Amino acid sequence: MKAYAGRRLRVDLSRGDYCLEDISEAQLKMFLGGRGLNSATLFEEVNPNVNPLSPENVLIIGVGPLTGTICSGSNRFTVSAKSPHTGILGDANAGGFFGPEVKYAGLDQIAIKGRAPKPIYLKIFDGTVEIKDASHLWGKDVWETDLLLKEEVGDSDAKVACIGPAAENGVSYAGVVTSLVRIAARTGMGTVMASKNLKAIVVRGTKPVEVADYDEFDKIVKEIEEQIYSSPDYVGRSTMGSTRLVNPLNQLGFLVSYHFKTGVFEGADKISGETLRDHYNVKVKACGSCPLPCSRFYVIKSGRFAGLAGEGPEYETLGSIGSRCGVDDIEAILKANDKLNRYGMDSITTGEVIALAMECYERGLLTKEQLGGLDLTWGNAEAVLTLIDMIAYKKGIGEKMAYGAKKFGEFVGQGADKLAAQVKGLEIIAGEPRGMKAFALTYAVSSRGADHLRAEPMFEFSNNAELAVKRFGAKEAAFRLEYKAKGRVVKYYEECAALADSLTMCKNISAMLDGAPRYYELEEVASRLLKAAVGWDMSPRDVLQMGERIINIERAFVVREGITRKDDTLPERFLKEPLPPECGPSAGSIVELEPMLDEYYEVRGWDKKTGIPKRSTLERLDLKYVADDLASYGKLAD
Amino acid sequence: MEKGRIVADPRKCTGCRLCEVACSAAHEQVFDPAISRIKVVKVEPIGLDYPSVCRFCGKAACIEACPVGALFRTQGSDIVLLKSEICIMCGACVEACPFGAIVLHPRTRLPIVCDLCSGNPACVARCPTEAIRYITLTEAAKTKSTQSAEAASRSILRSWGVKK
Ligand code: SF4
Ligand code: SF4
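If you read the sequences in order, they're chains A and B.
Numbering-wise, the first sequence is residues 31 to 668 according to the working numbering.
Numbering-wise, the second sequence is residues 57 to 220 according to the working numbering.
Source of the hints: derived by calculation from the structure; they are not laboratory data.
Keep in mind that this is a model prediction, so the values were computed, not measured.
Glycine residues also receive a C-beta, built at the ideal position from the N, C-alpha and C atoms.
Hints should not be assumed to be uniformly reliable.
What the hints assert, rightly or not - These stretches of chain A come out as covered by chain B in the derived footprint (C-beta under 8 Å, 3 or more residues):
1) 94-105
2) 235-249
3) 310-320
Said to hold, decoys possible - With a straight-line Cα cutoff of 27 Å, these simulated DSS-like cross-link-like pairs (lysine-lysine) come out:
4) A/K180 x B/K98
5) B/K98 x A/K365
6) A/K398 x A/K424
7) B/K200 x A/K331
8) A/K425 x A/K398
Using the sequences and the hints, build the whole thing.
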């Protein structure tokens with residue numbers, strides 16, 4: 031079995047010991063690696079009685095068979111645990127160089143349980159593991175921690191994944207940060223890390239990654255590169271990355287603005303990728319083995335933030351801190367981005383919590399006194415920056431905002447809980463669901479709560495009716511405002527996303543494969559890659575079924591935690607309030623969720639009434655043990 | 057005749073390290089930056105990515121430093137070669153190289169240095185942004201002198217109505 035390291039590192043921080051164990055080929059053939067293998071481990075080791083912040087929760091870091099190879103975008107790692115933010119499945123992933131280094135150190139997965147008696151960090155150098163004191167690092171921000179640790183271990187090539195003050199202070203949506211700015215941000219994985227007194231993981235490896243058939247592997251990777259370089263999206267993506275989306279989404283009328291009150295923002299151009307490109311970016315940057323440099327290094331040369339420099343931001347930060355809060359001051363957004371990176375906080379959730387507070391303020395549900403004198407008028411950038419500090423250190427109203435929009439809405443009361451833009455406790459991205467129905471369905475059903483990257487069904491923007499009929503049986507699949515076949519679209523793209531997250535391949539790359547001019551199907555490429563890399567003979571159907579299995583075990587995990595169809599929904603606003611007239615091509619849209627849900631459960635083989643997987647479905651996917659486990663909790667459908 | 061070499065432009069380098077994995081693959085058909093002959097130096101807080109590789113020095117410090125004469129060149133070639141049977145793996149060459157362009161192989165402990173892939177550099181072929189090029193220093197200098205001449209003459213060109 032090539033490409034894998036074949037090893038898992040287990041650490042018990044309560045006992046202060048660790049062991050290395052083999053990962054069986056049979057298990058890898060079931061769950062692939064990365065997110066998939068993490069989710070399977072989580073299902074097996076973390077039951078519904080486990081409190082996310084207790085020593086019993088297991089923090090799992092995983093990489094996949096492609097990680098560390100030359101394959102485009104094969105650089106990500108996934109960190110999973112039960113989420114303290116949502117109480118259900120938590121995971122997040124990030125790119126950069128940490129994932130490959132884990133592989134070069136000879137590992138596919140690191141599973142950490144227990145709680146150290148005092149702050150520590152893990153030092154993993156090739157085969158050796160040390161638990162080291164981190165008392166001197168506690169309280170330090172992400173940048174300081176990263177740089178100090180590289181110095182301390184005496185190797186500037188070591189890769190650090192660490193937490194910042196937000197996690198230490200118990201903010202429920204703190205992430206794990208690597209390369210200073212790449213943050214596995216969602217669902218509070220940094221918060222879990224802090225609960226274990228684990229400040230950082232420092233990894234260095236020099237072991238080679240071997241593949242089964244080098245020439246064939248190299249040939250497939252060159253084809254992938256060719257597809258990327260010849261894509262009509264290449265120039266936009268490799269100069270502006272995700273920030274290129276601000277202006278087009280605004281023109282289509284669904285750039286999240288003023289906390290979802292509308293889909294157009296008059297300040298859009300001021301916070302756009304074009305503005306960043308023309309006035310702030312100095313060069314483009316990429317993660318490991320990536321031919322598509324979507325990241326950018328910016329410098330602010332003058333003004334009140336003169337000298338501020340760093341990588342980023344992503345579209346999500348522009349949309350969440352910017353238009354969602356009515357902020358059109360790009361330099362303040364860059365400053366906010368920098369703070370969020372250093373504190374180690376999820377920018378999507380932070381933006382949503384602040385925007386929610388702003389809407390509550392406008393409606394008179396929150397008073398200036400409650401806010402300690404802060405004026406939360408839309409667009410007040412200074413107030414946004416102050417609130418970020420207050421949340422990270424849980425000062426004043428920041429304490430109430432430190433647990434996300436759902437809990438903050440409940441605290442404010444008077445109907446504010448209904449305004450919170452979240453599903454299953456996780457905040458919705460800066461993508462307005464009313465303007466894209468497959469995305470809306472994705473938010474409603476995804477296993478970690480409202481999320482786009484669990485499917486990223488970009489196909490609904492393709493307008494390619496012919497391909498839609500061929501792939502999904504109805505031309506509507508290719509149009510964002512249509513409903514028909516969206517259940518099928520989401521099912522397919524959820525499985526592709528599970529494959530990408532488990533291989534691992536960055537979704538910016540897998541999305542490019544899906545696009546013009548060649549429209550690769552990911553399972554085809556993945557089947558060939560796995561043959562060349564690992565030596566497995568798996569048909570594209572088998573490979574796609576791995577994705578389906580991963581989705582099902584994740585669903586089983588959240589079902590075991592109490593999730594059913596009633597939780598697969600969207601906040602009322604999206605179901606009832608049409609987008610206002612100024613939203614042009616998206617004006618008048620709501621989301622008619624129920625018919626899409628019916629179709630989705632149908633194609634998934636899940637019970638329509640409860641949304642719980644049927645035993646027959648689980649058994650078809652070799653998940654009999656999962657079915658038995660659900661049955662033992664009285665949670666199986668048939 | 058002047059030989060080609062790897063010339064790097066850190067302004068264009070994205071830091072992707074494709075060159076590193078490509079180099080390891082070209083030499084051992086594995087992916088392992090630790091055995092790459094090219095090294096992308098990263099200073100993350102200031103965004104610096106600097107591809108560093110053998111400079112094919114006229115007066116090679118590594119060859120001079122070797123206490124047993126294991127490093128050598130053949131007539132007319134710039135590439136530093138190794139007599140592995142006499143190499144004592146002491147690392148004197150690594151210490152001597154002013155650019156840190158030689159490292160010891162993590163497993164064999166023998167020094168490894170860029171061999172230009174017999175004239176078809178794997179790293180250059182993989183670089184997405186042409187941050188590294190296989191050219192002579194004279195060619196590199198010409199590109200730069202042209203660019204700087206154009207930049208310095210922008211106002212003249214404008215007064216002529218020339219657009220570029
Ligand atoms: S030319 Fe060949 S040997 Fe030299 S650094 Fe590039 S890939 Fe490595
Ligand atoms: S391949 Fe090119 S862009 Fe990437 S790190 Fe190497 S020199 Fe820089």
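Each hint, compared with the structure:
1. Under a criterion of three residues with beta carbons nearer than 8 Å to beta carbons of chain B, the stated coverage of the region 94-105 of chain A is upheld, 3 such residues being counted.
2. Counting residues of the region 235-249 of chain A whose CB falls under 8 Å from any CB of chain B gives 9; the rule of at least 3 is met.
3. Counting residues of the region 310-320 of chain A whose C-beta lies closer than 8 Å to any C-beta of chain B gives 9; at least three are required, and the coverage claim holds.
4. At most 27 Å may separate the alpha-carbon atoms for a hinted pair to count; A/K180 and B/K98 meet this at roughly 12 Å.
5. Restraint check: the Cα-Cα separation between B/K98 and A/K365 comes to about 23 Å, which is no more than 27 Å; the hinted pair holds.
6. For a cut-off of 27 Å, the pair hint linking A/K398 to A/K424 stands: about 18 Å separates their Cα positions.
7. A C-alpha spacing of about 26 Å is found between B/K200 and A/K331, which places the hinted pair at or below 27 Å, so the restraint holds.
8. Between A/K425 and A/K398 the CA atoms are separated by roughly 15 Å; this keeps the pair inside 27 Å, and the hint holds.
Hint compliance for this structure: no hint is broken.
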